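For the protein sequence lines, the chains are L and G, in the order given.
Letter by letter, the first sequence follows residues 1 to 317 of my numbering.
Letter by letter, the second sequence follows residues 1 to 317 of my numbering.
By construction, these hints were calculated from the structure, which means they are not laboratory data.
The model shown is predicted, which means the values in this text are computed figures rather than measured ones.
In this text, a Cβ means the ideal position worked out from N, Cα and C, and glycines have one as well.
Among the clues, some could well be false.
[Said to hold, decoys possible] When the alpha-carbon atoms are kept at most 27 Å apart in a straight line, the in silico DSS-like pairs for lysine-lysine are as follows: (1) L:K2 x L:K65; (2) G:K117 x L:K271; (3) G:K130 x G:K161; (4) L:K117 x G:K130; (5) L:K174 x G:K161; (6) G:K114 x L:K271; (7) G:K2 x G:K63; (8) G:K117 x L:K116; (9) G:K8 x L:K130; (10) G:K271 x G:K207; (11) L:K116 x G:K116; (12) G:K158 x L:K114; (13) L:K130 x L:K116; (14) G:K116 x L:K117; (15) L:K158 x G:K139.
[Claimed, not checked] Away from chain G, derived, C-beta distances all over 10 Å, residues of chain L: (16) V10; (17) H214; (18) L307.
2 protein chains.
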Amino acid sequence: MKIVSAIKRVPDDIQIRLRTRFDEAEFIFCHGMGEARHYLSSADVFITYGEDLDAEKLQAAKKLKWIMVLSAGMDRMPFEKINERGILVTNVRGIHAQPMAEYAISMLLQVSRKEKKLMEQEQKQEWNRKLVMNEISGKTMVLLGTGAIAQEVARLAKAFKMKTLGLSRSGRSKEYFDQVFPVSQVDLVLQTADFVVSVLPSTSETKHMLKAEHFTIMPSDCVFLNMGRGDLVSSEVILEAVQNRQISHAVLDVFEEEPLPEDHPFWSEEKVTVTPHISGISPEYVPRGFQLFEENLEVFLSGAGELRNIIDPKRGY
Amino acid sequence: MKIVSAIKRVPDDIQIRLRTRFDEAEFIFCHGMGEARHYLSSADVFITYGEDLDAEKLQAAKKLKWIMVLSAGMDRMPFEKINERGILVTNVRGIHAQPMAEYAISMLLQVSRKEKKLMEQEQKQEWNRKLVMNEISGKTMVLLGTGAIAQEVARLAKAFKMKTLGLSRSGRSKEYFDQVFPVSQVDLVLQTADFVVSVLPSTSETKHMLKAEHFTIMPSDCVFLNMGRGDLVSSEVILEAVQNRQISHAVLDVFEEEPLPEDHPFWSEEKVTVTPHISGISPEYVPRGFQLFEENLEVFLSGAGELRNIIDPKRGY
Chain L
1 MKIVSAIKRV PDDIQIRLRT RFDEAEFIFC HGMGEARHYL SSADVFITYG
51 EDLDAEKLQA AKKLKWIMVL SAGMDRMPFE KINERGILVT NVRGIHAQPM
101 AEYAISMLLQ VSRKEKKLME QEQKQEWNRK LVMNEISGKT MVLLGTGAIA
151 QEVARLAKAF KMKTLGLSRS GRSKEYFDQV FPVSQVDLVL QTADFVVSVL
201 PSTSETKHML KAEHFTIMPS DCVFLNMGRG DLVSSEVILE AVQNRQISHA
251 VLDVFEEEPL PEDHPFWSEE KVTVTPHISG ISPEYVPRGF QLFEENLEVF
301 LSGAGELRNI IDPKRGY
Chain G
1 MKIVSAIKRV PDDIQIRLRT RFDEAEFIFC HGMGEARHYL SSADVFITYG
51 EDLDAEKLQA AKKLKWIMVL SAGMDRMPFE KINERGILVT NVRGIHAQPM
101 AEYAISMLLQ VSRKEKKLME QEQKQEWNRK LVMNEISGKT MVLLGTGAIA
151 QEVARLAKAF KMKTLGLSRS GRSKEYFDQV FPVSQVDLVL QTADFVVSVL
201 PSTSETKHML KAEHFTIMPS DCVFLNMGRG DLVSSEVILE AVQNRQISHA
251 VLDVFEEEPL PEDHPFWSEE KVTVTPHISG ISPEYVPRGF QLFEENLEVF
301 LSGAGELRNI IDPKRGY
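So here's chain L without its partners, still in its complex pose (with noise of 0.2 Å):
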């Protein structure tokens, strides 16, 4: 049984908990597919993140069984080859939740409070009381999406005493919204939003869903927050919208095109703020992840027990 994984920087901690607990197994750790590209034809499982691995390298992985993404976003991957094939596909679905949720509730707070403007303040070196902050406790948030990471959304944003009420295809009740409402009553969701917060994936569904008229049923005032998939919404009706002031902000961390063009609009727009698709992103993403592979792999070693989360490959999520 050989592992190889393509994970830049593994902790040493993680390498040698994984060889102690499962000597029966060899472990490759590889900085990069460049360098894991030579092992992946012996290799049975592969952990990736999902970029990297084409139709092409998948073909000369001919032992492959399990396929581990340290990702979440899959839109890369060879599914119709590895549908083929029958190989076992798991993700880390839901580990992105916590470090979304913070990134989400520190933009909205960031925004609403005029965090920017305090900062130049200060870079002035200006004693100025007069900005009005608004506080973001209270409000109602709209999310689109009800899955693990919009659930974690919403779990702090009734901390916050905020409305909640998520937007999913069945419009399926779920913990800590409030209400959830079917695709089909968008509308009359979005007119009531302080918030509007899409963690929605890339799917022939949610591809350009968002269209300009949704901007014109947001009140002015709204903030629309996009940490999903760039393709949900043109980056034209983001800037008609924002500039013709039907929202009154959008942050924006996931794009049409990333990185998002040098020249593009979106950077100099003050009421879009723009990062650099990091939502996700943690210092606890790692180990967070093995820690996940390595309860997965127990499973798949023993076959004892259920793997979590697998992937459909023919929905690819």
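Chain L is fixed; fit chain G onto it per the hints.
For chain G alone, kept in the frame of chain L given last:
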């Protein structure tokens, strides 16, 4: 019954609601003390932020029976004279809790998640995902003080799955605190802190309560936040603590001298974040303050029920 308010810009809807509900009283809403002082001699009730009521003005207010202070800090109130005349004083203690708790969480998120650097990158249109953004989740917060404001901060901290330790005179346990210690155990508590948050008022006991040795006890990656009163610790002690890397950052909303002098080294010290005593400021502040006044006025006029937030003029809080 004449009720004089020195609070600027009381919204019309609040003025109308009070006049309608209490039509036996005469309300005079003034734009600050400059205007209000002319009505003080005949005022039965005076609504003030408390900063502008000195012994002289109090002497002129011969009929005064109740001072409603729309603030929680009352350092400048002439309590000796108030005590002599047996004037009732109530304040809005607890009303600051929500914005101050939001302030604390937002600033700890900002420092931990490197939001200043993130904004600098955005200004430079730099797509850089290498910034290490630490989570606040799961960390240990030590709160100096366990009153209403500290409890609200602790409540939010618990939502972020933090460990919450309180420090108070009595060491009596309080809701939302995992443990509360008496002041005598301050050394023990500080050494476990990721965040130290002070909400202590200014009293003879709290003045310069934190000294240089306390900062040597805190872990070197600890963040210190003071939104209580500036005389808790001297500027020099804080500056030395960050410059000698005894702690990683200080977030200061209160200072020994306010406004913070233009040439004060805090302004330009990267490891100090200065905000201009704004943690308790909120657009919801005046509406909430008058809500509390309204409830107390009902009790004051009818004699039925209990007044909230009565101040002991001998202690000053």
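Do the hints match the structure? See the list:
Among the hinted pairs, L:K2 with L:K65 is consistent with the structure: their alpha-carbon atoms are about 11 Å apart, no more than 27 Å. This hinted pair checks out: G:K117 and L:K271 have alpha carbons roughly 19 Å apart, not beyond 27 Å. Between G:K130 and G:K161, the direct Cα distance comes to roughly 26 Å. Compliance with the 27 Å bound is thereby established for this hinted pair. For the proposed pair L:K117 and G:K130, the alpha carbon gap of about 25 Å is at most 27 Å, so the pair holds.
Pair hint L:K174 plus G:K161 holds up; C-alpha atoms about 21 Å apart against a cutoff of 27 Å. Proposed proximity of G:K114 and L:K271 is supported: the alpha carbons are some 20 Å apart, at most 27 Å. At most 27 Å may separate the alpha-carbon atoms for a hinted pair to count; G:K2 and G:K63 meet this at roughly 10 Å. Distance check on the hinted pair: G:K117 and L:K116 sit about 12 Å apart at the alpha-carbon level, within 27 Å; holds.
With a C-alpha separation of about 13 Å, the suggested pairing of G:K8 with L:K130 holds against the 27 Å cut-off. Distance restraint check for G:K271 and G:K207: the Cα-Cα separation of roughly 24 Å lies within the 27 Å cut-off, and the hinted pair is therefore satisfied. Taking the CA atoms of L:K116 and G:K116, the gap is near 8 Å; set against the 27 Å cutoff, the hint holds. A C-alpha spacing of about 25 Å is found between G:K158 and L:K114, which places the hinted pair at or below 27 Å, so the restraint holds.
Note on L:K130 and L:K116: the hinted pairing holds, with a Cα-Cα distance of about 14 Å set against a maximum of 27 Å. Between G:K116 and L:K117 the CA atoms are separated by roughly 12 Å; this keeps the pair inside 27 Å, and the hint holds. Proximity of L:K158 to G:K139 is assessed by CA-CA distance (about 20 Å); at most 27 Å being required, the pair is judged to hold. Separation of L:V10 from chain G is adequate, the least Cβ-Cβ distance of about 17 Å exceeding the 10 Å criterion.
Against the 10 Å criterion, L:H214 stays outside the reach of chain G, whose nearest CB is about 25 Å from its own CB. Every CB of chain G is more than 10 Å from the CB of L:L307 (nearest about 26 Å), matching its label as outside the interface.
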